[in-house]
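Peer 1: Spelled out from the first residue to the last, the chains are:
Protein chains: 2
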Amino acid sequence: MNAKPHFLPHDPIQLDSFTFEPFPRSKKVYITGSRPDVRVPMREITQSPTPLANGSVENNPPITVYDTSGAYTDPDVKIDVRHGLAAIREAWINDRNDTEILSQISSHYGQQRLIDSRLDAVRFPQHRLPRRAQSGQNVTQLHYARRGIITPEMEFVAIRENQRYQDIDNNPLLTQQHPGHAFGIRTPRVITPEFVREEIARGRAIIPANINHPELEPVIIGRHFLVKINANIGNSPTTSSIGEEIEKMTWAIRWGGDTVMDLSTGKHIHETREWIIRNSPVPIGTVPIYQALEKVEGKAEDLTWEIFRDTLIEQAEQGVDYFTIHAGVRLAHIPLTAKRMTGIVSRGGSIMAKWCLAHHQENFLYTHFADICEIMKAYDVSFSLGDGLRPGSLADANDAAQFAELETLGELTQIAWQHDVQVMIEGPGHVPMHLIQENMDKQLACCAEAPFYTLGPLVTDIAAGYDHFASGIGAAMIGWYGCAMLCYVTPKEHLGLPNKHDVREGIVTYKIAAHAADLAKGHPGAQYRDNAMSKARFEFRWEDQFSLSLDPLRAREFHDETLPQASAKTA
Amino acid sequence: MNAKPHFLPHDPIQLDSFTFEPFPRSKKVYITGSRPDVRVPMREITQSPTPLANGSVENNPPITVYDTSGAYTDPDVKIDVRHGLAAIREAWINDRNDTEILSQISSHYGQQRLIDSRLDAVRFPQHRLPRRAQSGQNVTQLHYARRGIITPEMEFVAIRENQRYQDIDNNPLLTQQHPGHAFGIRTPRVITPEFVREEIARGRAIIPANINHPELEPVIIGRHFLVKINANIGNSPTTSSIGEEIEKMTWAIRWGGDTVMDLSTGKHIHETREWIIRNSPVPIGTVPIYQALEKVEGKAEDLTWEIFRDTLIEQAEQGVDYFTIHAGVRLAHIPLTAKRMTGIVSRGGSIMAKWCLAHHQENFLYTHFADICEIMKAYDVSFSLGDGLRPGSLADANDAAQFAELETLGELTQIAWQHDVQVMIEGPGHVPMHLIQENMDKQLACCAEAPFYTLGPLVTDIAAGYDHFASGIGAAMIGWYGCAMLCYVTPKEHLGLPNKHDVREGIVTYKIAAHAADLAKGHPGAQYRDNAMSKARFEFRWEDQFSLSLDPLRAREFHDETLPQASAKTA
Numbered sequence: 402m403n404a405k406p407h408f409l410p411h412d413p414i415q416l417d418s419f420t421f422e423p424f425p426r427s428k429k430v431y432i433t434g435s436r437p438d439v440r441v442p443m444r445e446i447t448q449s450p451t452p453l454a455n456g457s458v459e460n461n462p463p464i465t466v467y468d469t470s471g472a473y474t475d476p477d478v479k480i481d482v483r484h485g486l487a488a489i490r491e492a493w494i495n496d497r498n499d500t501e502i503l504s505q506i507s508s509h510y511g512q513q514r515l516i517d518s519r520l521d522a523v524r525f526p527q528h529r530l531p532r533r534a535q536s537g538q539n540v541t542q543l544h545y546a547r548r549g550i551i552t553p554e555m556e557f558v559a560i561r562e563n564q565r566y567q568d569i570d571n572n573p574l575l576t577q578q579h580p581g582h583a584f585g586i587r588t589p590r591v592i593t594p595e596f597v598r599e600e601i602a603r604g605r606a607i608i609p610a611n612i613n614h615p616e617l618e619p620v621i622i623g624r625h626f627l628v629k630i631n632a633n634i635g636n637s638p639t640t641s642s643i644g645e646e647i648e649k650m651t652w653a654i655r656w657g658g659d660t661v662m663d664l665s666t667g668k669h670i671h672e673t674r675e676w677i678i679r680n681s682p683v684p685i686g687t688v689p690i691y692q693a694l695e696k697v698e699g700k701a702e703d704l705t706w707e708i709f710r711d712t713l714i715e716q717a718e719q720g721v722d723y724f725t726i727h728a729g730v731r732l733a734h735i736p737l738t739a740k741r742m743t744g745i746v747s748r749g750g751s752i753m754a755k756w757c758l759a760h761h762q763e764n765f766l767y768t769h770f771a772d773i774c775e776i777m778k779a780y781d782v783s784f785s786l787g788d789g790l791r792p793g794s795l796a797d798a799n800d801a802a803q804f805a806e807l808e809t810l811g812e813l814t815q816i817a818w819q820h821d822v823q824v825m826i827e828g829p830g831h832v833p834m835h836l837i838q839e840n841m842d843k844q845l846a847c848c849a850e851a852p853f854y855t856l857g858p859l860v861t862d863i864a865a866g867y868d869h870f871a872s873g874i875g876a877a878m879i880g881w882y883g884c885a886m887l888c889y890v891t892p893k894e895h896l897g898l899p900n901k902h903d904v905r906e907g908i909v910t911y912k913i914a915a916h917a918a919d920l921a922k923g924h925p926g927a928q929y930r931d932n933a934m935s936k937a938r939f940e941f942r943w944e945d946q947f948s949l950s951l952d953p954l955r956a957r958e959f960h961d962e963t964l965p966q967a968s969a970k971t972a
Numbered sequence: 402m403n404a405k406p407h408f409l410p411h412d413p414i415q416l417d418s419f420t421f422e423p424f425p426r427s428k429k430v431y432i433t434g435s436r437p438d439v440r441v442p443m444r445e446i447t448q449s450p451t452p453l454a455n456g457s458v459e460n461n462p463p464i465t466v467y468d469t470s471g472a473y474t475d476p477d478v479k480i481d482v483r484h485g486l487a488a489i490r491e492a493w494i495n496d497r498n499d500t501e502i503l504s505q506i507s508s509h510y511g512q513q514r515l516i517d518s519r520l521d522a523v524r525f526p527q528h529r530l531p532r533r534a535q536s537g538q539n540v541t542q543l544h545y546a547r548r549g550i551i552t553p554e555m556e557f558v559a560i561r562e563n564q565r566y567q568d569i570d571n572n573p574l575l576t577q578q579h580p581g582h583a584f585g586i587r588t589p590r591v592i593t594p595e596f597v598r599e600e601i602a603r604g605r606a607i608i609p610a611n612i613n614h615p616e617l618e619p620v621i622i623g624r625h626f627l628v629k630i631n632a633n634i635g636n637s638p639t640t641s642s643i644g645e646e647i648e649k650m651t652w653a654i655r656w657g658g659d660t661v662m663d664l665s666t667g668k669h670i671h672e673t674r675e676w677i678i679r680n681s682p683v684p685i686g687t688v689p690i691y692q693a694l695e696k697v698e699g700k701a702e703d704l705t706w707e708i709f710r711d712t713l714i715e716q717a718e719q720g721v722d723y724f725t726i727h728a729g730v731r732l733a734h735i736p737l738t739a740k741r742m743t744g745i746v747s748r749g750g751s752i753m754a755k756w757c758l759a760h761h762q763e764n765f766l767y768t769h770f771a772d773i774c775e776i777m778k779a780y781d782v783s784f785s786l787g788d789g790l791r792p793g794s795l796a797d798a799n800d801a802a803q804f805a806e807l808e809t810l811g812e813l814t815q816i817a818w819q820h821d822v823q824v825m826i827e828g829p830g831h832v833p834m835h836l837i838q839e840n841m842d843k844q845l846a847c848c849a850e851a852p853f854y855t856l857g858p859l860v861t862d863i864a865a866g867y868d869h870f871a872s873g874i875g876a877a878m879i880g881w882y883g884c885a886m887l888c889y890v891t892p893k894e895h896l897g898l899p900n901k902h903d904v905r906e907g908i909v910t911y912k913i914a915a916h917a918a919d920l921a922k923g924h925p926g927a928q929y930r931d932n933a934m935s936k937a938r939f940e941f942r943w944e945d946q947f948s949l950s951l952d953p954l955r956a957r958e959f960h961d962e963t964l965p966q967a968s969a970k971t972a
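Protein sequence lines, in the order shown, are assigned to chains A and B.
Using the working numbering, you'd call the opening residue of the first sequence number 402 and step up by one each time.
Using the working numbering, you'd call the opening residue of the second sequence number 402 and step up by one each time.
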């Protein structure tokens, strides 16, 4: 068990001690790669033996599962949020010898924040200097992959994707699996580092891994790999402290979030982000235009390329792993939204549309796209090309505005790839079930198979309070069709800001959707945990059913409501 | 508002007064058919006007929606559960002049219960005599349909299915809808009584409507109509009183349950059922083998045709609208389950398998199937042909045992149809997404398009505590592919018995799935409520967003957690 963690002195919210407890009957294991500092974390679930009729027992093997929770669930690691996580990637980055530690923060805004003594109380206590590519160097995983280099990050994700399931290859009951229907893709039974490299080189997968986020445990996003999920967190001007946001991040990864987007718009965005990145083992994404807008006091028409550029550099040097950039909202697309039921619902999309209309000029994110690429490749920030014109209602699904933007995102993908910058593409939104596959097919065609990353989609508009589920249906389906990452939706969507409970509901719902997609694709190894669960169910091994569930605590709690006595757990 | 209802004197559980309150901004309306006593209930939701920039307002039309909640939400009706609901179908049945009121209950068991004075305290206070077809008559809706007769039940469901949405035909914004993908079926824009008759005559739809359930508001189940959902309730030997079961039934229909299955296995099954049917405006289904098993003290091998037959008659004379009958579990199929991951998980299926193996004889439900049909047609009880060999895990999905049974159910469908008995077919269970459509296609082919009625299916096995959602994904998809009714799963599935909260979660989840299926099929009118909701959302009409949601109370509650002040509801 961890020692009691330190808390933020100015912000006396305690990280829930529960966050630091391993799941029941689970232990953290590490698989070591070709160098000793490639240590890939997994969660090993112990199973009980099955009593046999003859009085002996059948042993059931431990089940190893993907583990997003980082060092927080490792009892051997002392967590101190004021210090941050260990910089496990630092040696990998140093060894490449293509970066330099800067003598100071490059962004004007970051410099100002640093010297403002009023911020001392909320600042992350460890001052670190940013790292940047040496002049003329390109430090993206895509750049390495295209040059035939297998990075430790690539080896890490290869080991991670395999989930050690080859260990139970000798158990036909557990390894049985339905051939899937994967819409033409073929994932090898064993993921090799070379396969990872090839997929990245082709632009079909990305490893968002900023060189300024050495605490990262790398994760791969691409449709030949396990379907991933993202959790959004972030404060607003009226709610949440830094402590609460860190807690939401650790809570999100505990339940299975593969990446976290910090969508803060409230006070201390810069400082909050530093705390989150330094304590996050998962990639952090942001929407830089949100912070840029704060810098011009909410007036979209006052935005400039210079303010935005400074914001990109500020965030890149903190270690943000991917940026949502709404460069596809072109001036000419905006009239296509005029007759929509719900206009432009993307916040980033409406900011840029407002700017374009105010100046009657092309979107500066579009005109400066090559400049943005130059920044991205100096830190290896991945693009998440935003869908600013995504439909906000079923009525607007798959319309001209949405698809015009998608085509532009395809053009931008090619430009990013010319710079060896990693790209994924954001998608809708609100789409009835029968129109979901068209979204996937068009995205693959327009964007040359760059990974797709969708919000849901919601399959009906009338499920307020249950939109995690209404969108989870669409998420499962588009994951099956080939979407690489699913952005979760919480029960509070459209109604209010999610609390911790909502984050858990959203995450577990989306883990179900992502896993259902892996099963339908016939992803290698996807079914063994289901098989172990089914065997435990058939044998009434209740404790094993709990621990094999996506949410072991919920499963136990519900069981015990009806049958609390211990005898009811071994039948 | 209703007067405070009477409660069961022996059973002082109060029906939650909330159950009797109409939803916010909603009122019960009745559409009258060709005869004054065909009064079809609907719920009309009032909308606020939209303030316009010029200071005037745009009026938004009321939105009429399907209403399963019965007289409980009609403030003009006085509810007294000790008296039961009004017998709205009585005149329809009398007018057909093909039934007779019996002088006493026909079943031996029913007679015994009636004279047992120890049961006086739990008995439904009103003694009613059962009705049966006159000798030589067949009183099923299928029989009438095939003879070209449009019954009041058929007219009722035709009006009900249209949901009065033609009233807003002049509103292009609200009536816009994506063309669906309905896998070859074509539902007319206006459902006529003649269309209903044709679909029933072809066996593609059923109206479960026992002549002993005159309190019923008829509902149609078939894939050319709105997708329906069923809620299971029922006590067990250790839990729940009669009052609680009535409360669960009223709660289920409040949230949108189209039919309710009473799966009670505890004390006073017979008496509980009487209370439920007399107070239920929706069709009630049962699994008679459960009660038959209680009569032989749980020993499956002691079951006999005679005991089962008496149980069928007992329940038919109480008014059960459909029976799950596991006649497809044939002796020859049982060895096909030997190598399964999870054997036979259907309770009815395992009872019959046990009986077959104990006697090494063919399932008596199969051998006596024509005898069963004779009973069904004398009361118009519909078959729900049970899937006793459904898979209990992904590993067992779509296997030889499952499909062998499905083929048998197809044979039995033909026999039932020879007797003009209405039939629907039960389906799985646990199926990964990519194997769901095969279930639907095979069912249509084997069972000559008889309506399909599935439990989920669950698309993963590892979602314990969230199986309402894991199954809701499969339910939405199979509903799209053509499944006519979805049997809900609650969050307690596999873990314990659902309480009221779980019933609500299960129902609303399944309403979302069913509605998503209607949208994907392009069912006429399916999108207008979504459109109204989206317009309200775009115009920040919060009160309208709440009242147009499937669960208005949850939507408001979540909104008010963040923004409780009234001003936040009109922006």
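None of these hints come from the bench; they were simulated from the model.
Some hints could be false.
Identical chains blur together in the list; that is why a pair holds if it fits in one copy or across any two.
Claimed, not checked - Simulated crosslink set (EDC-like; lysine to aspartate or glutamate; CA at most 20 Å straight-line): (1) K755 with D521; (2) K668 with E445; (3) K901 with E839; (4) K740 with D475; (5) K429 with E707; (6) K700 with D477; (7) K755 with E698; (8) K755 with E501; (9) K755 with D570; (10) K428 with E672; (11) K843 with E672; (12) K668 with E595; (13) K429 with D475; (14) K901 with D961; (15) K429 with D568; (16) K843 with E695; (17) K700 with E775; (18) K901 with E958; (19) K901 with D499; (20) K901 with E962; (21) K428 with E501; (22) K700 with D496; (23) K755 with E940; (24) K740 with E459; (25) K740 with E940; (26) K429 with E944; (27) K668 with D961; (28) K668 with D711.
Here the structure is a predicted model, which is why all the values come from computation and not from measurement.
Peer 1: It remains to establish, for every hint, whether it holds in the given structure.
Peer 2: The hints, checked one at a time:
In the homo-oligomer, the alpha carbons of K755 and D521 never lie at most 20 Å apart, since the shortest distance is 36 Å inside one protomer and 74 Å across protomers. Proximity of K668 and E445 under a CA criterion of 20 Å is satisfied in neither setting, with 40 Å inside one chain copy and 45 Å between copies. In the homo-oligomer, the alpha carbons of K901 and E839 never lie at most 20 Å apart, since the shortest distance is 34 Å inside one protomer and 40 Å across protomers. Proximity of K740 and D475 under a CA criterion of 20 Å is satisfied in neither setting, with 54 Å inside one chain copy and 39 Å between copies.
Proximity of K429 to E707 under the C-alpha cut-off of 20 Å is found in neither arrangement, the shortest distances being 46 Å within a copy and 59 Å between copies. In this assembly of identical chains, the alpha carbons of K700 and D477 never lie at most 20 Å apart, being 49 Å within a copy and 54 Å across copies at closest. Only within a single protomer do K755 and E698 lie at most 20 Å apart by alpha-carbon distance; the minimum there is 15 Å, versus 74 Å between protomers. Proximity of K755 and E501 under a CA criterion of 20 Å is satisfied in neither setting, with 39 Å inside one chain copy and 74 Å between copies.
Taking CA atoms no more than 20 Å apart as the test, K755 paired with D570 passes in neither setting, with 57 Å inside one copy and 35 Å between copies. Taking the closest pair of Cα atoms, K428 and E672 never come within 20 Å of each other, the shortest separation being 33 Å inside a single copy and 52 Å across copies. When the C-alpha separation of K843 and E672 is checked against a cutoff of 20 Å, the pair qualifies neither within a copy, at 39 Å, nor between copies, at 59 Å. For the identical chains of this complex, K668 and E595 are neighbours neither inside a copy (44 Å) nor across copies (65 Å), given an alpha-carbon limit of 20 Å.
Taking CA atoms no more than 20 Å apart as the test, K429 paired with D475 passes inside one copy only; the shortest distance there is 6 Å, against 58 Å between copies. Within a single copy, K901 and D961 get their C-alpha atoms only as close as 23 Å, which misses the 20 Å cut-off; across copies the closest is 17 Å, which meets it. For a Cα distance limit of 20 Å, the shortest separation of K429 from D568 inside one copy, 16 Å, qualifies, whereas the shortest one across copies, 61 Å, does not. With identical chains, the CA atoms of K843 and E695 are never at most 20 Å apart, being 35 Å at best within one copy and 58 Å at best between copies.
Neither within a single protomer nor between protomers do K700 and E775 lie at most 20 Å apart by alpha-carbon distance, with minima of 27 Å and 76 Å respectively. For the homomeric pair K901 and E958, the shortest alpha-carbon distances inside one copy (18 Å) and between copies (17 Å) are both at most 20 Å. Neither within a single protomer nor between protomers do K901 and D499 lie at most 20 Å apart by alpha-carbon distance, with minima of 41 Å and 62 Å respectively. Taking the closest pair of Cα atoms, K901 and E962 come within 20 Å of each other only across two copies (13 Å); inside a single copy the shortest separation is 22 Å, beyond that limit.
Taking CA atoms no more than 20 Å apart as the test, K428 paired with E501 passes in neither setting, with 38 Å inside one copy and 70 Å between copies. Within a single copy, K700 and D496 get their C-alpha atoms no closer than 44 Å, and across copies no closer than 72 Å, so neither meets the 20 Å cut-off. Within a single copy, K755 and E940 get their C-alpha atoms only as close as 61 Å, which misses the 20 Å cut-off; across copies the closest is 18 Å, which meets it. Taking the shortest alpha-carbon separations for K740 and E459, only the inter-copy value of 17 Å comes in at or below 20 Å, while the best intra-copy value is 65 Å.
For a Cα distance limit of 20 Å, the shortest separation of K740 from E940 across copies, 14 Å, qualifies, whereas the shortest one inside one copy, 58 Å, does not. Proximity of K429 to E944 under the C-alpha cut-off of 20 Å is restricted to the intra-copy arrangement: shortest distance 19 Å within a copy versus 48 Å between copies. Taking the closest pair of Cα atoms, K668 and D961 never come within 20 Å of each other, the shortest separation being 43 Å inside a single copy and 23 Å across copies. For a Cα distance limit of 20 Å, the shortest separation of K668 from D711 inside one copy, 19 Å, qualifies, whereas the shortest one across copies, 73 Å, does not.
Hints 1, 2, 3, 4, 5, 6, 8, 9, 10, 11, 12, 16, 17, 19, 21, 22, 27 from the earlier list are contradicted by this structure; the remaining hints agree with it.
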